[in-house]
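> We have chain A; now place chains B, C, D, E and F onto it with these hints.
Protein chains: 6
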Amino acid sequence: MLRFDPGDRRIRNTRHFDVYEGGGEYNVARNLAHSFRSRSAIITSIADNEIGRLVEDLVRQGGVDTTLIRWVKTDGISSSVRNGLYFWERGYGRRASAGCSDRANTAISQLRPDEIDWNDIFQTHGARWFHTGGIFAALSESTSDVAIEAVTAARRSGSIVSYDLNFRHSLWAHRGGRSAADALNRKLLPSVDVVFGTLDYDPLLDGFEPLKFSSAAAAMMDQFPGLKLVCTTLRTVHHGSLHDLSAAVFDGKDVHVGPTFNGVNVLDRVGSGDAFAAGVVYELLSGRDVGSAVRIGTAASLLAMTTPGDSLASTYEEVLQLANSDQLSSR
Amino acid sequence: MLRFDPGDRRIRNTRHFDVYEGGGEYNVARNLAHSFRSRSAIITSIADNEIGRLVEDLVRQGGVDTTLIRWVKTDGISSSVRNGLYFWERGYGRRASAGCSDRANTAISQLRPDEIDWNDIFQTHGARWFHTGGIFAALSESTSDVAIEAVTAARRSGSIVSYDLNFRHSLWAHRGGRSAADALNRKLLPSVDVVFGTLDYDPLLDGFEPLKFSSAAAAMMDQFPGLKLVCTTLRTVHHGSLHDLSAAVFDGKDVHVGPTFNGVNVLDRVGSGDAFAAGVVYELLSGRDVGSAVRIGTAASLLAMTTPGDSLASTYEEVLQLANSDQLSSR
Amino acid sequence: MLRFDPGDRRIRNTRHFDVYEGGGEYNVARNLAHSFRSRSAIITSIADNEIGRLVEDLVRQGGVDTTLIRWVKTDGISSSVRNGLYFWERGYGRRASAGCSDRANTAISQLRPDEIDWNDIFQTHGARWFHTGGIFAALSESTSDVAIEAVTAARRSGSIVSYDLNFRHSLWAHRGGRSAADALNRKLLPSVDVVFGTLDYDPLLDGFEPLKFSSAAAAMMDQFPGLKLVCTTLRTVHHGSLHDLSAAVFDGKDVHVGPTFNGVNVLDRVGSGDAFAAGVVYELLSGRDVGSAVRIGTAASLLAMTTPGDSLASTYEEVLQLANSDQLSSR
Amino acid sequence: MLRFDPGDRRIRNTRHFDVYEGGGEYNVARNLAHSFRSRSAIITSIADNEIGRLVEDLVRQGGVDTTLIRWVKTDGISSSVRNGLYFWERGYGRRASAGCSDRANTAISQLRPDEIDWNDIFQTHGARWFHTGGIFAALSESTSDVAIEAVTAARRSGSIVSYDLNFRHSLWAHRGGRSAADALNRKLLPSVDVVFGTLDYDPLLDGFEPLKFSSAAAAMMDQFPGLKLVCTTLRTVHHGSLHDLSAAVFDGKDVHVGPTFNGVNVLDRVGSGDAFAAGVVYELLSGRDVGSAVRIGTAASLLAMTTPGDSLASTYEEVLQLANSDQLSSR
Amino acid sequence: MLRFDPGDRRIRNTRHFDVYEGGGEYNVARNLAHSFRSRSAIITSIADNEIGRLVEDLVRQGGVDTTLIRWVKTDGISSSVRNGLYFWERGYGRRASAGCSDRANTAISQLRPDEIDWNDIFQTHGARWFHTGGIFAALSESTSDVAIEAVTAARRSGSIVSYDLNFRHSLWAHRGGRSAADALNRKLLPSVDVVFGTLDYDPLLDGFEPLKFSSAAAAMMDQFPGLKLVCTTLRTVHHGSLHDLSAAVFDGKDVHVGPTFNGVNVLDRVGSGDAFAAGVVYELLSGRDVGSAVRIGTAASLLAMTTPGDSLASTYEEVLQLANSDQLSSR
Amino acid sequence: MLRFDPGDRRIRNTRHFDVYEGGGEYNVARNLAHSFRSRSAIITSIADNEIGRLVEDLVRQGGVDTTLIRWVKTDGISSSVRNGLYFWERGYGRRASAGCSDRANTAISQLRPDEIDWNDIFQTHGARWFHTGGIFAALSESTSDVAIEAVTAARRSGSIVSYDLNFRHSLWAHRGGRSAADALNRKLLPSVDVVFGTLDYDPLLDGFEPLKFSSAAAAMMDQFPGLKLVCTTLRTVHHGSLHDLSAAVFDGKDVHVGPTFNGVNVLDRVGSGDAFAAGVVYELLSGRDVGSAVRIGTAASLLAMTTPGDSLASTYEEVLQLANSDQLSSR
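Chains as they are written, first to last, in the working numbering: chain A, 71 to 401; chain B, 71 to 401; chain C, 71 to 401; chain D, 71 to 401; chain E, 71 to 401; chain F, 71 to 401.
So that you can see chain A by itself, here it is in the shape it has in the complex (with noise of 0.2 Å):
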């Protein structure tokens, strides 16, 4: 999506926007491609127009591969397929970041079940891991499908699939609400491996507690023999600008905390999830353990709050750097 953010302004009052791109899935290939400096790709749906075409600068700046992008005729007036724009302020201090976005007949969002070979492209280009959640998902009942066709394909192709349960009430509001987002996680999930967020419970809105977590992980895990890891980031807000940050991955035996960092000033939290998916596909591909995922991850969802934009613009060095710092816990 093409996102228009006011800066320290108002969308309604504004008259200049900053334009980024962004999306819940696109973030995590972007940060591992930019800050990770790892090889990352984006599958999606794009408009050919002048819109479409900007995505794809920012896309291409953000140094993930442009070339399974699929094209779509449109014509001058988006009359029957679109691009998805998002409009966000980001808020200052007790002033809630606020915004919308423009959704509807999105290219994306009309793609269908057999218009991409997926196993063409997992046995191809040998991807080692596949990514995708909840946002996508729900756009429609189409791509509902494609994300079941896409994450067995992964799955069968060998690659390791990690699925964000990312939940918008506004995908939802017509079309069943929280139990049909439900529903289709449970027909995703046998096919992922590594799941960012938690059913039945949620640490941000019911409070941190180890054992509820480790107890509605094991749970999940249950019901998805195949997963092996149920990932969340912890967060205390106390304002939109001022949030405490942690992150807890369970691996089927141990809860993992990554550091604590209270009071951390936030500038632009939109991504900070999807960085902290980032941070642990990375460190997990890269080989080192669960405990270095969630410390890597924590960090880099916190450094991803300090910029303007969606994504995170740190490099690893500096994620690293943040996360052994002695002074998690000053202020």
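Treat the hints with care, since some could be wrong.
The list cannot tell twin chains apart, which means a pair is met if one copy fits it or any two copies do.
Using 20 Å as the maximum straight-line C-alpha spacing, the simulated EDC-like pairs for lysine to aspartate or glutamate come out as follows [claimed, not checked]:
#1 K143 with E388
#2 K257 with D215
#3 K143 with E387
#4 K298 with D263
#5 K282 with D184
#6 K298 with D321
#7 K323 with E387
Worth flagging that the hints you see were computed from the coordinates, not collected in a lab.
Chains B, C, D, E and F in isolation, oriented as in the chain A frame:
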């Protein structure tokens, strides 16, 4: 519509946009309110989200009465109803201006007959002039009907009715093209007093010849006896930044030609025709003659191309001074 | 007034200013129109030059009715009559905000009694509330008289009258100082229903104690029996970017204290008191009680400090959500 | 003065201004210091507030000595003494440049005779050239007297004196108009060596003819025998963005005409005449002849129109290169 | 190189710069990748610090493959190896563009023979075209040798080799000047198929005459029998903002002249020759003829001057449309 | 040096830089001239190209006398001599500030003994205070010698000499590291009266204890009997945007500790130590005591961190007000 302008960059590689409001029919109202300090109101439909509220903020700045806007409930992803957007870059010299619009499913395209009580509007508010055009009428089947409903009610109320024949290929591409547009125009023109544009002859494409213009205009009047004036701008485009500009109005008897401005530096062409219309409307509403109308319209049309955004940013005094300038043909 | 804001620079070394409109009394009208979507109009006098027209453009954007503005002819050098300007920088942490105003010979300071037909205004427009304050009243001898004329007419018309005691040392420096200001206040208060600020006790300087406040407010009501509410914001300034904020209203019987927001991040303090006033006015005009008024007023006051410019840029829904927030004292 | 420039916007609808310093007499000193790397100082009076300090910051950047500035105490509302401001927009093609100034009650307009010890300045600092002009002299009755006092002292000290006849209608509107200005000029010219502008003949309005110019200039020299040079720019304004430019100097015997630049692209015309003056002054101070002076002056005048702000932003080498360019009449 | 652009200001008094990437050889690769959507890679050496990483970010945005970049370790003060920078301002009308570069000790200038395995590159990647030029070759003694090594390997691999004779006085000032450059060119040309520029005749300085050009080009081909095409842009510079533009290619038999564009508005001239080269390369790579190549090259060259930055920001479709435009000689 | 600041972006993905001038020794002179309105001059060497002239423009704006700058001829590619540049981003909360400098082959690093006639400078200009530091002294072997030459001449002339021990690892990395820096310091300190920083004890790293500080400082004075004051800032860095700040000065007898500011919001830390030095120098030059010097120095140091750029942008009055503030420890 909300207009996104990348300034002196291109849409496809910019990182920021200025925003303006625009739209053919609105621009006329805006110019009347802002430059000509007449009271004007916009009758339209806007989806009630942050984007819509930004449009409202811009319309208010334009001095146009916003109380007749219908606010349509939408959801957080604009799934069923949206606001229209357009992206336009200015061009530079021989690099042409370019862009695209994103106007599927807009609130205004969903407007249906009987949703607006036109009789009430014309009677209660006592509007002296009603202006609409071929863009609004072409948005959808239902807006075609609304346009007919509106001009009929306006004419019945005694309001003067003007109509801009404005043809956008993109709007008619899937709906019968130019001939379908013409068919619609022929349904609307019986209720029209002042028309901008011509049928069966295009001075811009075919080259302006007074006799051809007067005979084409006279033919229109024969067909639609209510028509009192046929108006058109005249333009030679040397390249995107350099035009020659004039205008002509046929009053059933004579062709009144405006001043000819050669070698006009163009910053942003969009809205130039709407400024011409506003100038003509204002002069006529002020009781001045057709010669004055075409002079003021031409000068307004020129000045609208010297500032960013769709609208005229000059005062009546400035328009008048240019219209009466002695140095029209210099350079 | 036209406000010049150097953003995160200092006035004395900037090369660029953003502009906003501002002014204590105007801000209340602006907040009512824009955030609270009430109809409001500004009665003022502006010199008719490019600067004045820019102010008009900003006021229109603010949604405030501009038809009661008196436009005063000026010459090209503003020799006899000018528009008021002020330059204000925001400060940062312990660097205080700072600035100066340039308000000699303004059109509004030259307003004299009998130039505005207040009776006509209140009768024709049926204003339900009239708000003015100690800045306007202090501009000149003649605006003192105009203020008295206005509140008298307003009260007589049945409109509710509110008055902000706002004292600007700079305005009274050569005209008798605080005691002269108090003398004027005492002439105005007999016609006032709702006063913002207190005589003989300043909760900001002296520390807020409910009993002290209620006895000072009760004393005011004894002296001016028409007074129905005495309102004040309560504020602890840790430094320019960090305040604690609350508010209190005495209704003749009880002190209603608003929510207490500790550790408020302040972007731009100017206009915070005016947002409080607008919140109070709106709630009372909407028929809600004093407790609701002080809650909404406090939240509006906070939010006005989170955006640049004098005015509140939040919606009623956003104000309400903050006012009812459970996390008021967290940090 | 502090100059507010809305860039490519109009004053009346901009939301931000760039700031520059400007003023006819100052610009000459600035160009001498900055482009021609001569030492120069400004003798003026500035109100000591944030606005004045910003002017000082700009003057320092200009390389002009600020030690002779008189700082006048003001209050926080600029009630008795202010700093001069002006708002100017550049125009675009046939949209003319426009603006207004705000110069009532400025510190400089309140300067009175005997407040500056001119003899001390000319003796202590050994100034070789003193330049003033018709804008400063016209600010008030007292600056007229100060101008006379200054040129008399300068001439007495042996300094060369130049004077720019610059007439601003707005400054004389209430004080006798052109004839009063002429009367003042006739008091000043007896102490002047080099005059910019002509009496009784205006090459810009009347069309340049060498004979007319030389006879008008000769007549001035007859009347004011101290005059050694009469200098003027020559300009054909096709429209605001396109001028033809040249200049002429009469030395009592011959008319020296500068190079003729046709089809000059104009970004910001303001200060073009002052750059001409600076070029002439510099060449003469450097011991070069009148032919060289008019060539350098013309080229400087052109270059000053190619950058924003009042002043020339080119080096002597660049001016020289243009002055000696072979392609003067091409286009 | 990292390019610093002060926009419409001058370098010497700006307070901010936009940044772009640039460099003669890179620009060709960038235009091929971005506008012509071919795959291209840059082979260069960059010092690994924040500046180098910004260059990488820009190159990625340009769509050019970055995997062949050699990253050279540097210290925190760039003491032994740096990245090249250049500062360039655009000029305006008769104010010429100007700037300077800062390219001592750059990583690329330190590249030595044998550091890059050219054979591997051409064999592994199967490059169909290799382009280099006289700027890279002139950076140092060792880059001269690297250039020879590269073109030899490229030619040997069967890749087409093109070379831009580009001469920068500043690079040869201390190393033998034009004659030393020519000597180097004569070492390189035996391996070159397509040359941009001419020896012993300069159409820009000497005036274009087809016969002179063809005989100079034929003489080059006699001397370097491998040469298949001699290409040059043709340009009349009225002033910095207004050029006439065309191009010519000699194919050993005929001179193919591109369309002639008179009165071209120039925003930023830098990179215009590189866009010509890219257009020629693309057409030939696409199997089209020399006539098509010179047409596309000319149009690309023009369009590159209408946007800021070194590179072409237009699509192939836009280039084609201009190349085929009927209005080439208007104005 | 010219400083490039990406604002709230990161260097590695910005498209735009603001520029400032900076440099440890210069900053002190700048603060003295600009904030404390003392006369100060910079003695340095700058390569004479567009970049150097931009530095001059910034230095002039800073109010620092530029007449002692030595302009060194360079070529168009800065091959033999350059100007120093540095790129610095501010950080945000726990994201640390970062950057790199580009200072090889700078004109100033090439300065050699005997190129500046120090005796003439101190005698002719009667400088009362000479300040230099460990950055300049470390630039090269020859600047080490120049520093010794300068402090010796300064001391001999009766000027007070201050020296900042400032150690930059990057400058000494290839030249002996900390121990070589210390060796140089020990050659310079015999001519120094006031030293900023301590040998053999670092309050920032080791934690401030008055006794440790006084014994380290006393040991320095034993070793260098000319030393009269040992000065240091004291700082606890919670994270990049939040410091606690104080300062201490040992006068041979007592430790004078400045006010302690806890919870200081930091916008841009660079130059904070230089502002402390400037405050100390100014107070002592003004004849005030050491207690006053440390108070003013501490407050200046804090304020310098609240604006972008290296330098203090506050007036003496503002510094004084903060120094005397009662709310020092609140938060």
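> Would you mind marking each hint as holding or not holding in the structure?
Hints and how they fare:
1. Taking CA atoms no more than 20 Å apart as the test, K143 paired with E388 passes between copies only; the shortest distance there is 18 Å, against 41 Å inside one copy.
2. For the homomeric pair K257 and D215, the shortest alpha-carbon distance inside one copy (10 Å) is at most 20 Å, but the shortest distance between copies (47 Å) is not.
3. Proximity of K143 and E387 under a CA criterion of 20 Å is satisfied inter-copy only: 15 Å between copies versus 42 Å inside one chain copy.
4. In this assembly of identical chains, K298 and D263 lie within 20 Å of each other by CA distance solely inside one copy; the values are 5 Å within and 58 Å between copies.
5. For a Cα distance limit of 20 Å, the shortest separation of K282 from D184 qualifies neither inside one copy, at 41 Å, nor across copies, at 57 Å.
6. For a Cα distance limit of 20 Å, the shortest separation of K298 from D321 inside one copy, 6 Å, qualifies, whereas the shortest one across copies, 63 Å, does not.
7. Proximity of K323 to E387 under the C-alpha cut-off of 20 Å is found in neither arrangement, the shortest distances being 30 Å within a copy and 46 Å between copies.
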